[in-house]
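Chemist: Protein sequences, first through last, are from chains A and B.
Count along the first sequence from 1, then add 70; that gives the number in my numbering.
Count along the second sequence from 1, then add 103; that gives the number in my numbering.
Please note that the accuracy of each hint is not assured.
Unchecked claim - Mimicking DSSO-like on lysine-lysine, the simulated pairs with C-alpha atoms at most 27 Å apart in a straight line are:
no., chain 1, residue 1, chain 2, residue 2
1, B, 389, A, 358
2, B, 389, B, 218
3, B, 218, A, 358
4, B, 389, A, 177
Rather than coming from a laboratory, the hints here were simulated on the basis of the structure.
All values reported here derive from a predicted model rather than from experimental measurement.
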Amino acid sequence: MEENIRPPFAVRARPWFIALPALLVLIGILYPFLTAIYYSMTAYALNRPGSVDTFVGLRNYVRMFTSEDFLYSTYITFAYALLATGIELVLGLIVAMLLNRDSRLAKIFTPTLIFPMIIPPVIGTLIWKMMMQPSVGILNPMLNAVGLPSLQWAAAPETALFSVLLVDIWMFTPFVALILLAGLRSFPSAPFEAARVDGASFWFTFRNLTLPMLSPFIIIVVVFRLMDSLKMFDIIFAMTEGGPGNTLMTYQLTAYRTSIQFQRLAQGLPYAILLYIIIYVTSMYLIKAWGRAQRRAAGY
Amino acid sequence: MQSKVSNNRLAAILSDGFLGLYFIFALFPLLWMVLVSLKSGEELFTTQFVFTPTLENYQAILFGDPRAAAGVVARQEFPRFFMNSLIVSSGAVVLSLLVGVPAAYALARYRFRGKEDLAFTFLSFRFAPELVVIIPLSVLYRQLGLYDTYWGIIWVYQLVTLPLLIWVLRSYFEDVSPDIEQAAMIDGYPWWRIFWSILLPLVRPGLAAAALLAFVFAWNNFIFALVLGGSNVQTVTVSALGYISSAQAFFNRMAAASVLASIPQIVLALSIQRYLIRGLSFGAVKG
Chain A
71 MEENIRPPFA
81 VRARPWFIAL
91 PALLVLIGIL
101 YPFLTAIYYS
111 MTAYALNRPG
121 SVDTFVGLRN
131 YVRMFTSEDF
141 LYSTYITFAY
151 ALLATGIELV
161 LGLIVAMLLN
171 RDSRLAKIFT
181 PTLIFPMIIP
191 PVIGTLIWKM
201 MMQPSVGILN
211 PMLNAVGLPS
221 LQWAAAPETA
231 LFSVLLVDIW
241 MFTPFVALIL
251 LAGLRSFPSA
261 PFEAARVDGA
271 SFWFTFRNLT
281 LPMLSPFIII
291 VVVFRLMDSL
301 KMFDIIFAMT
311 EGGPGNTLMT
321 YQLTAYRTSI
331 QFQRLAQGLP
341 YAILLYIIIY
351 VTSMYLIKAW
361 GRAQRRAAGY
Chain B
104 MQSKVSNNRL
114 AAILSDGFLG
124 LYFIFALFPL
134 LWMVLVSLKS
144 GEELFTTQFV
154 FTPTLENYQA
164 ILFGDPRAAA
174 GVVARQEFPR
184 FFMNSLIVSS
194 GAVVLSLLVG
204 VPAAYALARY
214 RFRGKEDLAF
224 TFLSFRFAPE
234 LVVIIPLSVL
244 YRQLGLYDTY
254 WGIIWVYQLV
264 TLPLLIWVLR
274 SYFEDVSPDI
284 EQAAMIDGYP
294 WWRIFWSILL
304 PLVRPGLAAA
314 ALLAFVFAWN
324 NFIFALVLGG
334 SNVQTVTVSA
344 LGYISSAQAF
354 FNRMAAASVL
364 ASIPQIVLAL
374 SIQRYLIRGL
384 SFGAVKG
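Take these sequences, add in the hints, and give me the full structure.
Modeler: See the structure below:
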């Protein structure tokens, strides 16, 4: 009886068979990942042949956690990610709501919304770097024109974080706005009509209708923006390579500088692996929250 | 009543005003890039918007700089970098299509143990910090002779293109009603015929859009070719840094290179506008 219900092996194995090519690529990616964990427990330095065979256990991790730069690196990684995500979320929501009106300006501009986010991030950053440049730049003359003093932008430690955040916000607010706009447009009009007829205020409608219905979309946006900004490399590297000094040395930049530029391969890896764990746990949690929010928004 | 109407008008004006400011912020840098790319070396240091436009920067990066002094790098290699970007990005998309389309189908249509874990593992590539994979690959690639080769870059670009294609296509496959396939199955067609002749044509527009978006992301990538590529496979994004690190005089050249490297992206994005939301959100938002 059991055999009759259970489909033959060929049928049960079929999805795995169909996915086999992708599984091979998967293995090709997971193998270096496992090597990374192994290397992180050795004394591997590219300029010292044979050092890969010296197993040191968790020494590189202890060294990372006790390094005097570790706390600052943690601070700058999270400051960048949380500020970028937070500001983009608020600004993107405002832009999305303004675009979701019957306005000619909104209709003209909506197709251009994607431009900043679709060009290569490195190139977008270089444009801003050029605009911030003291001799050919345009931002300081603009500040001066309205009576403000010139800034040193990414070249000064005080304004470096602000400068890279400005680029991040410029580049990725359109992503937030586009996804949230798609959310707003997917809403049924009946509850909003009812609220309008009942004379509900803008804030009441926003807090009790718009925001709850938008929550699955907000979570999706946060997943993408938070994960991408925690591991941001392109903008910071193209702007200052982590400088001035160590002002912008996030986990990613520290891992790059230590493992690749200084060739101390094993010492930089703990930063990348720690970042991987943080991102993995956060994204799992957020994706679960997304599932719940979706069911709630659908009225279950 | 009167005041309500004028209030609404005021709100509309303020809204459009804020929107206008935002779009100046969003579009001005791009406009400025185009302007700088049209400026000659002498006019570069004036911030004026009125100037005699010249195509000499484009000429220089495409065909070489006739006035380049000895010792100054004549940056005419741009066409080669452009071709490199084109080869590795299209190669990566083709490979992702070959392995990703069947996988997306399996994930959309079959129930099997570990299915969601498998799907999430592919997605986690997208979110993983690239250096976790790149640092060990920088050793492995030198051992295998893949360092600075097209194959090496195409392989590692799967981290960018494969999760996107699998997740977006999975959502398109799930949109197709299983009734169609069941009817064909009852008629006695084997599963691969159903997949090839019925399902695939139905998702073709979404498939094309997802492939183009994957191409855009591969093209935009920077860190993989920076670490795992040398001069043989140098892409447009990696080479762009070279203009700015050498000397100020190359700012206008860099702007011209930026324009040329950005135009394909903008054209592609505009051509798949209808499918963009779903692609950008990996199938999570059906715009």
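Chemist: Take the hints in turn and mark each one as holding or not.
Modeler: Evaluation of the provided hints:
Restraint check for residue 389/B and residue 358/A: the C-alpha separation of about 19 Å stays at or below 27 Å, so the hint holds. The suggested pairing of residue 389/B with residue 218/B holds, with an alpha-carbon distance near 22 Å, which does not exceed 27 Å. Of the pairs offered as hints, the one joining residue 218/B and residue 358/A holds, with about 16 Å between alpha carbons and a cut-off of 27 Å not exceeded. Between residue 389/B and residue 177/A, the direct Cα distance comes to roughly 21 Å. Compliance with the 27 Å bound is thereby established for this hinted pair.
Of the hints listed earlier, there is not a single one the structure fails to meet.
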